[in-house]
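Chain A is already provided as a structure; the job is to place chain B on it using the hints.
2 protein chains.
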Amino acid sequence: MPQTVARSIPDRCLHCALRGASLCRLVEAADLPRARPVRLRRIPRNGLVFEQGKQHGTIGMLRRGYLRKERLNRVGRRTVFDLAFPGDIIGELPGHSLSYSLEAATDAEICVFDDRTVRRMMATDGQFRLGLLQATADQLARLQETIWQRGALTCRERILAFLVLSARAMPTTPRPDGSIIVTIELARKDWAAFSNTTVESISRVMSQLSEKGLVKTLAPDRYWIADPAFLARLAGMDPRADCAPPQAAMAARRHNRRDIAA
Amino acid sequence: MPQTVARSIPDRCLHCALRGASLCRLVEAADLPRARPVRLRRIPRNGLVFEQGKQHGTIGMLRRGYLRKERLNRVGRRTVFDLAFPGDIIGELPGHSLSYSLEAATDAEICVFDDRTVRRMMATDGQFRLGLLQATADQLARLQETIWQRGALTCRERILAFLVLSARAMPTTPRPDGSIIVTIELARKDWAAFSNTTVESISRVMSQLSEKGLVKTLAPDRYWIADPAFLARLAGMDPRADCAPPQAAMAARRHNRRDIAA
Numbered sequence: 001m002p003q004t005v006a007r008s009i010p011d012r013c014l015h016c017a018l019r020g021a022s023l024c025r026l027v028e029a030a031d032l033p034r035a036r037p038v039r040l041r042r043i044p045r046n047g048l049v050f051e052q053g054k055q056h057g058t059i060g061m062l063r064r065g066y067l068r069k070e071r072l073n074r075v076g077r078r079t080v081f082d083l084a085f086p087g088d089i090i091g092e093l094p095g096h097s098l099s100y101s102l103e104a105a106t107d108a109e110i111c112v113f114d115d116r117t118v119r120r121m122m123a124t125d126g127q128f129r130l131g132l133l134q135a136t137a138d139q140l141a142r143l144q145e146t147i148w149q150r151g152a153l154t155c156r157e158r159i160l161a162f163l164v165l166s167a168r169a170m171p172t173t174p175r176p177d178g179s180i181i182v183t184i185e186l187a188r189k190d191w192a193a194f195s196n197t198t199v200e201s202i203s204r205v206m207s208q209l210s211e212k213g214l215v216k217t218l219a220p221d222r223y224w225i226a227d228p229a230f231l232a233r234l235a236g237m238d239p240r241a242d243c244a245p246p247q248a249a250m251a252a253r254r255h256n257r258r259d260i261a262a
Numbered sequence: 001m002p003q004t005v006a007r008s009i010p011d012r013c014l015h016c017a018l019r020g021a022s023l024c025r026l027v028e029a030a031d032l033p034r035a036r037p038v039r040l041r042r043i044p045r046n047g048l049v050f051e052q053g054k055q056h057g058t059i060g061m062l063r064r065g066y067l068r069k070e071r072l073n074r075v076g077r078r079t080v081f082d083l084a085f086p087g088d089i090i091g092e093l094p095g096h097s098l099s100y101s102l103e104a105a106t107d108a109e110i111c112v113f114d115d116r117t118v119r120r121m122m123a124t125d126g127q128f129r130l131g132l133l134q135a136t137a138d139q140l141a142r143l144q145e146t147i148w149q150r151g152a153l154t155c156r157e158r159i160l161a162f163l164v165l166s167a168r169a170m171p172t173t174p175r176p177d178g179s180i181i182v183t184i185e186l187a188r189k190d191w192a193a194f195s196n197t198t199v200e201s202i203s204r205v206m207s208q209l210s211e212k213g214l215v216k217t218l219a220p221d222r223y224w225i226a227d228p229a230f231l232a233r234l235a236g237m238d239p240r241a242d243c244a245p246p247q248a249a250m251a252a253r254r255h256n257r258r259d260i261a262a
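Chains A and B, in that order, give the protein sequences.
For the first sequence, UniProt numbering gives the first residue as 1, with consecutive numbering after it.
For the second sequence, UniProt numbering gives the first residue as 1, with consecutive numbering after it.
For reference, chain A alone in the conformation it holds in the complex (with noise of 0.2 Å):
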């Protein structure tokens, strides 16, 4: 008779269509005797995920929520120069230590995977080191683009920027006359760092905006956007770019919307 292995993936996972969940699936399969198995870390607005330079070789996946990427200079300023969002894979691989610091940028929750049973994966699995190079070579590609946005696109176009962004990668309700209702949970002060501008500036934009009938605030974490594509041409954006990549958009807003209507 068959032996039947009955491994229990937690309810929660069952339907996780997050990019970063390969990985897991990928621990599932390889059924390495005594791996643990991946962590929930709930992380409340603004608490501390990982620390700089403290981390060394725990990597886990965001599942709920966004993170500000932050580092500290030499005279204590904060710079928030990255966000991550639900489906990336976060912290250092095995061997490194974090160049800065992660914090919750809303409520939050960490898939976090064990570390020794990431070291093996990592010695052992030949797909899971190829499913971290793609979720390392994402982030990179999509840190190009936002470094290029920083030197190609004004104050205004980064703003308009994240709208764009933010209606590829964050949850979305279509509406039937192709204008779409986002819900953009950071807060303005997040928004304003990672378009490395104030919000005195989105406020500004936004208003001018609305006058024109292009995007509404419905509420302070909701906004109608009358046409995405067409405020990407505003933002004098290239069109062939995504901001993240569509795949990880895309399964990361399924996720979302399946949350919101659960």
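I should point out that these hints are in silico values taken from the structure, not numbers from a laboratory.
Any given hint could be a false lead.
The list treats identical chains as one, so a pair stands whether inside a single copy or across any two.
Okay, derived cross-link-like pairs now, SDA-like style, lysine to any residue, Cα gap no bigger than 20 Å in a straight line [claimed, not checked]:
1. LYS212 x GLY178
2. LYS54 x LEU140
3. LYS189 x ASP221
4. LYS54 x ALA137
5. LYS216 x PRO174
6. LYS216 x PHE230
The following block gives chain B in isolation, referenced to the frame of chain A:
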């Protein structure tokens, strides 16, 4: 009698100390049947290496010189958002197209891997995948440093930060008094683009530094730096952080020194 495998490593590769050379050695060691050797490609200053959106699955290692990573926006304006340094792996993984153009900022030499060999190595060789993951993670770390600098440092500090980077990653001659002479082959306009500033600002800052006896321009591409560590503090950089991963920077410097001595 044991079979002797005599594979011909080109003379130019015998003493290659560049970081990316580990991938060449893995291809060599894998000894795949019908694997094609790495091909040396020379590109004159301002020549196109890879074109945005056109390159599919070709990777190479930058052996000599520096490359600009550029993107066009919708109205055709070109922006440099990053540079490639000797030892960097360039291009894209199989199945991906390049989201930016690569142009030679100086005369450059690239060791181009054979596409089919790369695909086979990716499929069969775990160490090769690990090497690519490491190279990608290194570039992500460097870009995180750059994007942080663009947000956290002033224009003057970013110019200083580039001098610190050059002292770490470009050919240098140490002097008995602890000062160094560094060769910066890059045109001022590329330095300005990388530091998100203008050629005029660089000239102004260099004059100020010269008046204070901190940096002197010896020739258009050679600079004397009294104390790189002091410059890093002056730039407000985190002293723990390196612009280039120290290992890669040191390897590139050793390599460059040998080239200059030869």
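Quiz item: Given a CA cutoff of 20 Å, do LYS216 and PHE230 count as a within-copy pair, a between-copy pair, both, or neither?
Solution: For LYS216 and PHE230, only the intra-copy Cα distance (15 Å) is at most 20 Å; the inter-copy one is 50 Å.
Quiz prompt | Within, between, both or neither, where LYS54 and LEU140 count as close if Cα-Cα is 20 Å or less | solution = For LYS54 and LEU140, only the inter-copy Cα distance (19 Å) is at most 20 Å; the intra-copy one is 22 Å.
Quiz item: Using 20 Å as the alpha-carbon threshold, which applies to LYS212 and GLY178: within, between, both, or neither?
Solution: within (17 Å within a copy, 61 Å between copies)
Quiz prompt | 20 Å Cα threshold - placement of PRO174 relative to LYS216 | solution = Answer is within: at 15 Å inside a copy they meet the 20 Å cutoff, but 60 Å across does not.
Quiz item: Between LYS54 and ALA137, at a C-alpha cutoff of 20 Å, which is it: within one copy, between copies, both, or neither?
Solution: between (24 Å within a copy, 18 Å between copies)
Self-check item: Intra- versus inter-subunit Cα pairing at 20 Å for LYS189 with ASP221
Solution: within (13 Å within a copy, 42 Å between copies)
The earlier numbered hints are all upheld by this structure, with none contradicted.
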